[in-house]
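Since chain A is already given, all that's left is putting chains B and C on it; use the hints.
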Amino acid sequence: MAAQARPRILELKRVSKAFGGLQVIDGLDLHVDEGEIVSVIGPNGAGKTTLFNLITGVYAPDHGEILLDGRSLVGLAPHKITRRGIARTFQTLRLFLNMTVKENVMAAAYGHTKARVWQSILRTPGARREERAIHELAEDKLGFFGQRLMGYRWNQPAYSLSYANRRRLEIARATATNPRVLLLDEPAAGMNPTETHEIAELIGQLRTEGGYTILVIEHDMHVVEGISDRVVALDHGTKIAEGSFEAVATDPRVVEAYLGTKAAATK
Amino acid sequence: MDEHGDEKRVPEPPDAGNRPRIGVDEWVARSGERITGRPGWTGQLARALDRVPPAARLAVVVGLTALVPFLTDNDYIVRVAVNTVLFGLLALGLNIVVGYAGLLDLGYIAFYGFGAYAYAVLSSEQFGLHWPTELAIPVVVIASALLGLVLGLPSRRLLGDYLAIVTLFFAQIFVVLTTNADRITLPWNDSPTDFTGGPNGIAGIDPMKLFGIQFGSTQSYLWLSLAVFTLVIVGLHLLNESRTGRAWRALREDPLAAELMSIPVNRLKLLAFMFGAATAGLTGTIFAAVQLGVFPQNFDLPLLITLYAMVILGGVGSLPGVVIGAIVISVSLELLRDPDNARLLFYGAILLGLLAFMRPWTRLAAVAAGTIVFGVVAYQLADWIRPAWVSGSIDGGRLASLLEGWVVHPEYPTRFGNIGFVLLITAVIALSQLRGLARTLVAIPTLYLAVFVWENRLVFQPSVTRILLLGALLIVLMNARPQGLLGTSRVEIV
Amino acid sequence: MDVDFFVQQVVNGLTLGSVYALIALGYTMVYGILKLLNFAHGEVYMMGAFAGYGVLTVLGGPLALSVPVLVLIGLMLAAAMLGAGALGVVIERFAYRPLRNAPRIAPLISALGVSFFLQSTALLLFGADFRSYETYEFVDLASGIHWGPLNISVVRIGVILTSFGLMIGLTLLVARTRLGKAMRATAYDREAAAMQGIDVDRVIVATFFIGSLLAGAAGVMVGLVFYKVYFLMGFLAGLKGFTAAVIGGIGSIPGAMLGGLLIGFAEAFITGYVSSTFQDFFVFSILIAILLLRPSGLLGRADIQKV
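Those protein sequences? They're chains A, B and C, same order as listed.
Position in the first sequence (from 1) plus 2 gives the number in this note's numbering.
Position in the second sequence (from 1) plus 39 gives the number in this note's numbering.
Position in the third sequence (from 1) plus 328 gives the number in this note's numbering.
Only chain A is shown next, with the shape it has when bound in the complex (with noise of 0.2 Å):
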């Protein structure tokens, strides 16, 4: 008996997107489910970027349709996309520098908080509730991470911190939009071999605590290994394979896409 389907929560339908004269994603069919961890891998310029572009909203598809919950999101403002539900780390970092770590996230939470202009400046008790609330939000969300950007790190400007702990505070402010699905563009870039592994298991964290479906771009076999229910190939803007990561992993045409045709036969 087969058990109750999940219901597909991000929904991707042959969507296409050139580029002058290249075509950078080619017909893509892609799905999450519900609470699930996909890992979406290939070689560079295979697209996985512009996937998320085109998700979040930077890049309109030139044909297809994207779906959350089965509502279109073709065509929305990017802000607006976010709004319902989507949020997103960057492959090259792009933190609020000069802002301090908690303003940061804080920023975030400007989606689904509606203090105006008037109240803000008035300090009505419903704006100071709200701001309270954000404060709470903020240190919640930095709280995630444990020690590492909490206490006196709150009011550090951004660029203070550590490479690995930027990266960490990305994803916290991506959560402070209160998503259901996370996008996360090689989470792991750059880092050692023990945040790496920190890394893994946040993710892991992540869908059993917080409750996000995670959509993630990796190049670390080991941490894709590690996280992911489902593993997505791509190359040159189209899906090549996709299953578990041992099904994935051994695809010859994975392989050839990555070591190229020789290796594939004699895999």
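Since the hints were derived computationally from the structure, they do not count as laboratory data.
Just so you know, even glycine gets a beta-carbon here, dropped at the ideal spot from N, CA and C.
Please note: incorrect hints may appear among the correct ones.
[To be verified] Label pairs and their in silico Cβ distance ranges:
#1 B:480 <-> C:626: 52 to 60 Å
#2 C:394 <-> B:519: 42 to 50 Å
#3 B:246 <-> A:118: 44 to 52 Å
Coordinates of chains B and C only, in the frame set by chain A:
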């Protein structure tokens, strides 16, 4: 254990339990201050001032300014104070647009002019309207905000450079419109309607009367503008510390990331534009009432560069910074009007510059002495070659008499002054290319040339000199200290 | 319809257009390489006009020339072009180069400062009065082409020909020479060009030099055709030159030429058929329309940014 029997203090990993690490955490927490804080006594002074709560600082500044009418009988000085407060208001508004939202709005003065003209139209004989002030001011402010919205809408999608040009065009169009809108034939009228009084502007503006208080004297307007200033700066401060302010700052940092973190970037840019426009419009109404008239040339481009110089000097994004910038530049420009005061300013600035950049003090003393000697020699030489070269005289007060016999002052200063100016520019360029001993040596004739040009040309033409100096100030600021006096040095992703 | 009037406006448009094209080229070339709007470019043009006037005065003035007319014009152009070029190089060196890695707003503010500094320098050195080239004193304006409705004075013919000559020269330079290739490479991707061994600083200096040179020539030519030079002339001409560059597609050299001609024609026809007071307004509206509807301009590439 070391020989004293204490446990060796080894830094513990950051999350080894929640044990407080006495002294270490605070030291780490203060590291940012140490890195960015200014060294020396200026740094200590800045940190001491920081500890004074902002409300107290504001109270002191506003209070002192309010006392000006009691400290002097000179109406002109009170008027200068009013102008300074108005500049401060304008700088606050510009700070929102440039500092919070990061939009380079070069058309800002058009909103100021619009506010002034709108109030003039509503409260003068131009159309026979004499609206009560309680009605006129809010209407003008809202209208300015709406104008900001209208002009901001097409501007949202423009990148920095384009926005700058487009807004610059706005400013130009505004001047053209006001100068020419005195002969517009409306379809339902036979004769042309005079909207703005053309080049002669609108005169005979009603004095303000708010809630029973009649404003008329310069002092009364000083207190009114101070009250408005206080309201605006407090409002802006509160706004900055709220969710909107955070969103603005995020937008300034990285618009794309902000947008993806649920911040409606375009809407916030418009909001900033509107706030700036409203502030400028409000300031315009007070300006119109004080001056009792408005003319197109009140809102020309030199005003724009003055405003920008204030905001940049004070530090973009910093509320106290732009206020200080406004005070410094406004007062300096007033000093420039009168030759004696201008000399004070000029030589004071040179001295400050030398003190700041010529270290060690032996070098400074050498340059100063060298310049004096150079001057004496040059004067004697010029006198010997041709007496007409030194037969001009320097009019002025005590400072001027000090300079007689030292500064070469020809009979016909203009031509020599111009040549000197060109030579001075060349000398400054050369100076920046040299290093070490050569630089110190070339500095001497350069300084003398500067004084020469100043005394022979610049000191008599304040309107030109001020633009010259403001332009140079902007260039130098951007090169040397882009964050201005009180801005924080920013880390930017290029 | 008054054919004579129409043809006259066409001639006006062509003359204005070729001048605007020269100014626009300076903007577009600098933007292509540095992604920077050189606000001060208009003032360089103004200084070129004054340089030409200076040469005219030194050589006897419009009424008592000491050299043949052609020599005079040649010298004026040479002085203006070289002087403007040098000015452009100095501006780059002091106002822009130190800010190459600063946030975008810094060189813009610096440019604003330079623009006002130069304007007030001109005011200081030359006064607020209009100076006039008084070309009619040393050139017989009646000579030229008079063929049916077409009436062009020899001065305008010269201006149009010289402008086109300069534009052709520039196109050849960019397309055929090594420097031109280096300029194109640097405009495309500055870092990659540097890694290929191109001296990026030198290329930038050359770009500023050439752009300012063209602006200086434009200044002299405007003086010859319209006579009046004054310290504020750079502001409006600069704005229109920039509009022309944007219309044609900023960063595109043929675009700047096309844009310049378009703006020239637009201005001529608006002045001729509507009114001269609101011609700035009209040009401005074109700018807004283009920026909203087709920001990459007519011939420009849409800039694709990697996120």
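Each hint, compared with the structure:
1. Between residue 480 (chain B) and residue 626 (chain C), the C-beta spacing of about 55 Å keeps the proposed range 52 to 60 Å intact.
2. Separation of residue 394 (chain C) from residue 519 (chain B) is about 47 Å and conforms to the stated range, judged on CB atoms against 42 to 50 Å.
3. Remark: the range hint 44 to 52 Å for residue 246 (chain B) to residue 118 (chain A) is contradicted by a beta-carbon distance near 35 Å.
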